[in-house]
Each structure stands twice: as structure tokens, then as C-alpha cells.
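Trainee: Okay, here's what each chain looks like letter by letter:
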Amino acid sequence: MYKYLNFALTFIFLQLFTPFGFAQGVSMSPTRLFFTGKPGEVVSQNVVMHNGSENDYIFNINLKDWKREEDGTKVYFEPGILKQSSSAWISTLETNINLPAKSTQEVLVTMRIPADASTVEISNSMLFFTQIGKQKDELKLDKGIGIIALFEFGLHVYYTPPESKTISLDIISIETLPKQADNSQAVAIRLFNDGTVVNDASVELELTNTISGEEIKLMPINISMMPGTHQTITHRLPEHLKGKYSGVVIVKMAGSNDLRVGEKDFEF
Amino acid sequence: MKNDLIVQLTNFQKSLSVTIALKTIGTRILLIITLFLAATFAQAQEASTSVNINLMDVLSIDTESAANGGTVDFRYETVEDYNSQKTTTIPKSLVVTFSKAFDVKVKANGEYFINGSNLIPINVITIQRNQSSTLAGRSAPVVLSTKDQVLVGGAALGSKLQLDLDYIIPQSKSSSNDILGKPSGTYTQTVTYTASAL
Chain A
-11 MYKYLNFALT FIFLQLFTPF GFAQGVSMSP TRLFFTGKPG EVVSQNVVMH
39 NGSENDYIFN INLKDWKREE DGTKVYFEPG ILKQSSSAWI STLETNINLP
89 AKSTQEVLVT MRIPADASTV EISNSMLFFT QIGKQKDELK LDKGIGIIAL
139 FEFGLHVYYT PPESKTISLD IISIETLPKQ ADNSQAVAIR LFNDGTVVND
189 ASVELELTNT ISGEEIKLMP INISMMPGTH QTITHRLPEH LKGKYSGVVI
239 VKMAGSNDLR VGEKDFEF
Chain B
11 MKNDLIVQLT NFQKSLSVTI ALKTIGTRIL LIITLFLAAT FAQAQEASTS
61 VNINLMDVLS IDTESAANGG TVDFRYETVE DYNSQKTTTI PKSLVVTFSK
111 AFDVKVKANG EYFINGSNLI PINVITIQRN QSSTLAGRSA PVVLSTKDQV
161 LVGGAALGSK LQLDLDYIIP QSKSSSNDIL GKPSGTYTQT VTYTASAL
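One line per chain: the protein sequences are A and B, in this order.
Taking my numbering, the leading residue of the first sequence gets -11, the next gets one more, and so forth.
Taking my numbering, the leading residue of the second sequence gets 11, the next gets one more, and so forth.
Keep in mind that a hint or two might mislead.
[What the hints assert, rightly or not] Here are the computed lysine to aspartate or glutamate pairs in the EDC-like style, where the Cα-Cα straight-line distance is at most 20 angstroms: (1) B/157 to A/59; (2) B/102 to A/42; (3) B/117 to A/57; (4) B/157 to A/57; (5) A/131 to B/91; (6) A/55 to B/158; (7) A/26 to A/151.
Note that these hints are calculated values from the structure, not bench results.
Can you make the complete structure from the sequences, with help from the hints?
Mentor: Put into C-alpha cells, the structure is as follows:
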């Protein structure tokens, strides 16, 4: 029995990790760093960069501030511009890292929490690992317009004060949006993060035709929200939806068994 | 001593065989249940070994991605070239494995395509996700600029998700002074694709 269990777990492990950890590419893990500590403390975490390919890479490490607009789009700013920026607190040992073929490297990210750091507000920044082009990344073109394409990883870096632990979201409104020119319809759900930590959640919308009983479950939309911010999630509706529907919005929050449920009747 | 042990063992074996021979069906069922419970208990003991799988989120960009020092070329040689829209589709512009929902942004590293002192503004290029992509999410055509712009937003996690891109120079740009009349040569600029968690 144990042998079977062992085999099954090994199989599941390989299925889970083969595409991720051992891909023939360049990987970064984790993709978000959450620091916590008291004002005045120095805290560190490692980021693992792995190059499973046959090529050597060089990455420049740089920082930016960022905030999320209400539609969920991240907008970047030069470091130190935003009020909730933690860019000035973050450092790495190197500004460039060499990642030779088939190699793994740990990058130590250090946060020096200022003595006067807020004990209630979250700070955030984004650490970028930007591929630096090499001599061979040249155009073969002799005449014309050419683009050299490179890639970059963005690593979220958050500072959460030790006392901040409340996971909570509030559904502010559920509204149908005006029909678009192509006749498409959508429902907008506005949320507010009334907790004190970054909240990862999925927002589901289920529609039930009040006459036929037909149920439509739309694909959940994943979101991540900073505390004290609003976000509007837009669920696009299936084409040619017509009739009276009862709508249920379910917000599932990561790290919590709590749900937020909202109801609204629609006529499309 | 040895003989005594042999005698005792023989007697025990005899009494056992008699006992088993006298078992009723009910007793046998009881015996089977006992054995089953014992086996189950043994299995439970074996399975009590804890196996921890710690999943760390990870982002990987495959080296088969064109956005890996790859190039996109547009040639302007004939009158038709200047009077038409040009589209170059690059399959696998980005091949991404991500264990969380994510988005992909694009930015140019400079304001112009450069050929010595001759310049073509980068906004002559529009980039859009081709329908053949397996990397899905919110997407709209992007006029290239030095600002980070969302190419695909809210992409669901997945393995080896393929982003195929159309690079477009509209006819309105080809036939404008931005391109028309520029000295011949190669105009280049670097474009960076950024992948990050939501």
C-alpha cells in the first residue's frame, strides 16, 4: 500500500514540478516577496533564478514604484515617487547578475525597514530583472525597421506591518454596463479592500434565468488588491444573452474561509 | 529439554488444529474482520508518514520565445510597401509558464528606431495578441511607446502558454513622413516584454 502511495505522490510531484521548475527556460521563484518586521529591523529573503537553457543570460536588477488603477492595471513610476513606496528600503548585493547556462543563482533581497515606518500601512515596490541584450542579438536586416525583443521579470515586494492581519473585502456595487458598439454586454463588480493586508481573491458571477432556470457560470476572475483601494472587475457576458436573470456574485479570498456574496436581478 | 519442547509444540499444534476445525462460520467471519482491521491498522501506520509538498510560485520564460534576443523585421523596398499596411506575425513571441495569474506588458527602450542620426518614431508600430495564442486574457492593440502598456492582462496560470504577436505598421504610418522619405538603412530599437504576477 505504501509503495503505491509513494509512487502516486512521486507521480503527482513530477507532474506538478516538471513544467515549472525544470523548464527549458529562465525562471524566477517566488514571484512576490512579502516582508514583515518592526520599524528599524533589517529583513532578507532569497529569490531563486534558474537558467535551464543552453544560453547564458545577464540581467539588470532595478526598482520601480507601482500602483494599481481601479481596473486592475498596474502602473509603474520611478522609484521613490509614490507615498506607499518601499523602493528606498530595498537593496540587492549586485545590480547585474550573470546566469550561465544550466545554472541556479540565489539573489538576496534585503529590506531595511525605517525606524519611522508606518505601523499600519503596507508599502510596496517592484523589483525588475531585465534581460540585457548581447552582441549576437543583432538584426540580420540590411534595410528597414527592426525590433530586438527582450524579456523581463517583475517581482512584487511588499512590506506588511506585523499588526496588519485582517483579510477582508467588501462588495460595493454590482452594475450592468452600457451595451458596447459590438452589442457585447458586461457586469461590473466594484470591490473595496477594507482589510489591512494584500488580498488575493477570485470573483465569480453566476446567472440564473428566472423563467427557465438555466444557469450560467462565468469564468472566475482573479484579482489582487492593496488595502484601502477599490477595484472594478468586469465580467463579459455571453453573446445574445436575453431575459430576466438572477445574479449571484461570490468573492473567495485566499487565506480565508470567508466568502462575500452579493445578489442582483438583471434584465438583459 | 529439547524433547520436552518438541512434545509441547506438538500438543499445541494438535490443540490448534482441533480448535480451528471446530470454528463456526460466525467465528471465521470474526477472524476475517479481525485480520482486515489489523491489516487496515498496519496500512494506516504505513501511510502515517507525512509527505510535505511546498509549492512556491514560479515564473518561467522559455528560451524558444522570440522575445529572447529575437528580431522582427519590416522591409520597405517598393512603392506598394509604402502604400499598404504591413503585418508581421511572430509565433511564440513569449512562451510563459506561471503558477499564478499574471499579466504581460510591453515597452520600447527608446523613443525612436535609430539609424545613426536618422530617426523613425516608435509609435509607427502597433502590437496585438494574435488569436492563435494559448496565452489568454484581456488584450487590446498597443501603440508602442516607452511607457509600460498592458499587452495581456489577467492571464490565467498555465504551463508553456504561448503568446503569438502581430506587429503592425498601418498604411497611415507607412505613407507618412515618419517613414516615407527617410534615408535608406536599418532602423532598430529594443522592445522589452515584462511578465509579473497580478
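Trainee: Is residue 157 of chain B within 20 angstroms of residue 57 of chain A, Cα to Cα?
Mentor: 15 angstroms, holds
Trainee: Hint check: residue 102 of chain B vs residue 42 of chain A, CA-CA at most 20 angstroms. Holds or violated?
Mentor: Holds, because 18 angstroms separates the two Cα atoms, which is no more than 20 angstroms.
Trainee: Please work out if residue 157 of chain B and residue 59 of chain A have their alpha carbons no farther apart than 20 angstroms.
Mentor: 18 angstroms, holds
Trainee: Check the hint pairing residue 55 of chain A with residue 158 of chain B against an upper bound of 20 angstroms on the C-alpha distance.
Mentor: Holds: residue 55 of chain A and residue 158 of chain B sit about 13 angstroms apart, inside 20 angstroms.
Trainee: For the pair supplied as a hint, residue 26 of chain A and residue 151 of chain A, confirm whether the alpha-carbon distance does not exceed 20 angstroms.
Mentor: 9 angstroms, holds
Trainee: Would the hint linking residue 131 of chain A and residue 91 of chain B be met if the CA-CA limit is 20 angstroms?
Mentor: 13 angstroms, holds
Trainee: Is the Cα-Cα distance between residue 117 of chain B and residue 57 of chain A 20 angstroms or less?
Mentor: 18 angstroms, holds
Checked against the numbered hints listed earlier, the structure breaks none of them; every hint is satisfied.
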